[in-house]
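*Asks:* One letter stands for each residue in the lines below.
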Amino acid sequence: MSAITAITMPKWGLTMTEGKILGWLKAAGDAVAASDELVEIETTKITNVLEAGETGVLRRIVAAPGATLPIGGLIAVVASLDTPDSEIDAFVAGFTAPEPAAAEAENTASAPQELAAGDYRLHYLDLGDGGVPIVFIHGFGADLNTWMFNQPALAERQRTIALDLPGHGGSTKALSSAFDSAGFAADIDRALAALGINRVHLVGHSMGGAVALHLAGWQPDRVVSLTLIASAELGAEINAAFIGGFVKMERRREAQKVLRLLVHDPALVSRQMVEDVLRYKRLDGVAAALSAIAAEWFPNGVQRARWAEIAATLAIPTQIIWGSDDKIIPLAHAEALADRVPVHILDAAGHLPHMEKSAEVNRLIARFVAG
Amino acid sequence: MPQKSIRQALNEALAQEMRRDPRIIVIGEDVSGGAGSEGQRDAYGGVLGVTKGLIGEFGDARVIDTPITESAIMGAAAGAAVTGLRPVAELMFSDFLGVCFDQIFNQAAKFRYMFGGKAKTPLVIRTMIGAGRSAAAQHSQSPYGIFTSVPGLKCVVPSNAYDAKGLLIQAIRDDDPVIFCEHKLMYDLRTEVPDEPYTIPFGEANIVRDGDDVTVVALARMVHYAGEAADALAKDGIEVELIDPRTTSPLDEDTILESVERTGRLVIVDEATPRCSIATDIAALVADKAFDALKAPIRRVTAPHTPVPFAPGLEKLYIPSPEKIAAAVREVYGYGK
Numbered sequence: 288m289s290a291i292t293a294i295t296m297p298k299w300g301l302t303m304t305e306g307k308i309l310g311w312l313k314a315a316g317d318a319v320a321a322s323d324e325l326v327e328i329e330t331t332k333i334t335n336v337l338e339a340g341e342t343g344v345l346r347r348i349v350a351a352p353g354a355t356l357p358i359g360g361l362i363a364v365v366a367s368l369d370t371p372d373s374e375i376d377a378f379v380a381g382f383t384a385p386e387p388a389a390a391e392a393e394n395t396a397s398a399p400q401e402l403a404a405g406d407y408r409l410h411y412l413d414l415g416d417g418g419v420p421i422v423f424i425h426g427f428g429a430d431l432n433t434w435m436f437n438q439p440a441l442a443e444r445q446r447t448i449a450l451d452l453p454g455h456g457g458s459t460k461a462l463s464s465a466f467d468s469a470g471f472a473a474d475i476d477r478a479l480a481a482l483g484i485n486r487v488h489l490v491g492h493s494m495g496g497a498v499a500l501h502l503a504g505w506q507p508d509r510v511v512s513l514t515l516i517a518s519a520e521l522g523a524e525i526n527a528a529f530i531g532g533f534v535k536m537e538r539r540r541e542a543q544k545v546l547r548l549l550v551h552d553p554a555l556v557s558r559q560m561v562e563d564v565l566r567y568k569r570l571d572g573v574a575a576a577l578s579a580i581a582a583e584w585f586p587n588g589v590q591r592a593r594w595a596e597i598a599a600t601l602a603i604p605t606q607i608i609w610g611s612d613d614k615i616i617p618l619a620h621a622e623a624l625a626d627r628v629p630v631h632i633l634d635a636a637g638h639l640p641h642m643e644k645s646a647e648v649n650r651l652i653a654r655f656v657a658g
Numbered sequence: 008m009p010q011k012s013i014r015q016a017l018n019e020a021l022a023q024e025m026r027r028d029p030r031i032i033v034i035g036e037d038v039s040g041g042a043g044s045e046g047q048r049d050a051y052g053g054v055l056g057v058t059k060g061l062i063g064e065f066g067d068a069r070v071i072d073t074p075i076t077e078s079a080i081m082g083a084a085a086g087a088a089v090t091g092l093r094p095v096a097e098l099m100f101s102d103f104l105g106v107c108f109d110q111i112f113n114q115a116a117k118f119r120y121m122f123g124g125k126a127k128t129p130l131v132i133r134t135m136i137g138a139g140r141s142a143a144a145q146h147s148q149s150p151y152g153i154f155t156s157v158p159g160l161k162c163v164v165p166s167n168a169y170d171a172k173g174l175l176i177q178a179i180r181d182d183d184p185v186i187f188c189e190h191k192l193m194y195d196l197r198t199e200v201p202d203e204p205y206t207i208p209f210g211e212a213n214i215v216r217d218g219d220d221v222t223v224v225a226l227a228r229m230v231h232y233a234g235e236a237a238d239a240l241a242k243d244g245i246e247v248e249l250i251d252p253r254t255t256s257p258l259d260e261d262t263i264l265e266s267v268e269r270t271g272r273l274v275i276v277d278e279a280t281p282r283c284s285i286a287t288d289i290a291a292l293v294a295d296k297a298f299d300a301l302k303a304p305i306r307r308v309t310a311p312h313t314p315v316p317f318a319p320g321l322e323k324l325y326i327p328s329p330e331k332i333a334a335a336v337r338e339v340y341g342y343g344k
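Order-wise, the sequence lines are chains L and Z. Remember, this note's numbering sits 287 above the position in the first sequence when you count from 1. Remember, this note's numbering sits 7 above the position in the second sequence when you count from 1.
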């Protein structure tokens, strides 16, 4: 009997319970290879493309466009060309999605936790086991959910930890110690100490990229590799209108305008994504924290460009990932380093390539951390 | 994130704000919550259970029990507000508005204007609305339309615990009088509510679900009935965009108008009576400002123009139902097709 593989509804992010099939990018009968784009799936938060995990033939599309399925529900079948139709029929008929109770148990196991780091309570999500852990550091105004397409995928191979920086997500909002790149790097250092973790792979996005760079420059023996995604502090320019708008926005319409600057395809910014950002921004202390961080990091709308030289001369393996259509931090900051470190420029991506081109970014990180 | 009921969310909002600002006081009938017990304080947490624990933490100088005298509660609260405190007064049933309307309508609402902006009136009046409990005609009304019609008052009508907490904190921090309407059948309704304090700006509607076919605007308990109707309609391929204005004054006109400009079809659901009401006000707004976008007549699903009946069977007929809402949506959806 030939191998038949089920393609099922993925779980993207902590709160996803179901997804809606928007459109198939492959037709039944098409040959597919691992990492081919298969189908566009919409969740309440974001639309993303599911890629094939296996090589074979897309033998059956079970879920038509418009269909909504729970996580784990069967959406298609991949098998070899010589698998008889009857076997495919039997596979589809016999497929049982995981019990909601089992899915719920898995959900609890993957819930964020809290640790004490200095004066702060830091919120973090610890997924996967083994290996040198990958530590994810988000950008300005974001939280660990920015890694929702990356962390679960990379956690299949090794331990991964995503943290909320002070002032962000579920962590303490009132900033009580330094919050420049050195200050945040010290917070991450304290968090890693609390977790008993010594050596790490660092993945940092935007402001989190500069934090990762500081940590790598400060404690080079602990950092095995460094992935900088649309990183801050590699050059002076930054979209001051975005930073100012993000700090100021209180209402859905203005928030939508501001958040659309983050991505190449504005349709990616769903109402739920806007609502989630606003829910964070409404919490007491967030406005003050974001204003203070913006003033420290981007005074007068200019970045402190302190890391370009360090990024280029670090002995630690370093790679840079950037979207070709980044409207927040110019692509030129990456291009300037291209002759000294590997720079991957992803087409049709904005400032969030790890969300907009998640599969590609996951591959780049997986390959890089594997050495 | 923890799930909390509307009752818990309101209680948490009051306690957190009272800790933050010593000028905040709570005043009303049995807000200390001991009435009916054998003398122990806070046995029940007030008639609505919303003020539980406050007397113990903040004492009777800040949690003030009053006689059954709505005119005195509102008069004292309005005076306290204009002289520097930030009172949260409780009008147990909004139906008793009549006995204290001068204090609200002609005093609190007018102070800032009459004193040329030199006086602030940071007053919140929490009050219970809604039918469905066979509490009869004098304890079942939803008079937020009356509050909304008064310049100088703001009016909040939340539909879930997340909104209730954020809007109550916003109301307490607002420098104008705010009427905060709590539906008597919704106190135990639960949703995810952050432990931290937060505010939701007034005049910012919540889009409860997205849809391109018909816009439905609903308030308070009707948001949930409209949601049930939308679930049923979705099975037939009719996609409802459900908008909860959250505050009737100020009203988020833009969100409603933008939605109707896209769908061309509008149903308004309101548990209150239809004459001079929120439903009628929104219908007029859309007829006035989005007339060219309309592909069908605007439909209002409201209570009839009668007092709320006591008999349970009649009361059920009186309140808009998911079935009536779905029928109205189908009617405007099919109009002209």
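Among the hints, erroneous ones may be present.
In silico EDC-like links for lysine to aspartate or glutamate, alpha-carbon gap of 20 Å or less [what the hints assert, rightly or not]:
(1) L:LYS307 <-> Z:GLU246
(2) L:LYS568 <-> L:ASP552
(3) L:LYS307 <-> Z:ASP220
In case anyone wonders, no lab produced these hints; they're calculated from the structure.
*Asks:* Each of the hints needs a verdict: does it hold here or not?
*Replies:* Here is how each hint holds up against the structure:
Between LYS307 (chain L) and GLU246 (chain Z) the alpha-carbon distance is near 15 Å, which keeps this suggested pair within the 20 Å criterion. For the given pair, LYS568 (chain L) sits about 24 Å from ASP552 (chain L) by alpha-carbon distance, which is inconsistent with the 20 Å threshold. Only pairs whose Cα atoms come within 20 Å are accepted, and LYS307 (chain L) paired with ASP220 (chain Z) is accepted, the gap being roughly 18 Å.
Against the hints set out earlier in the document, a violation occurs for number 2 only.
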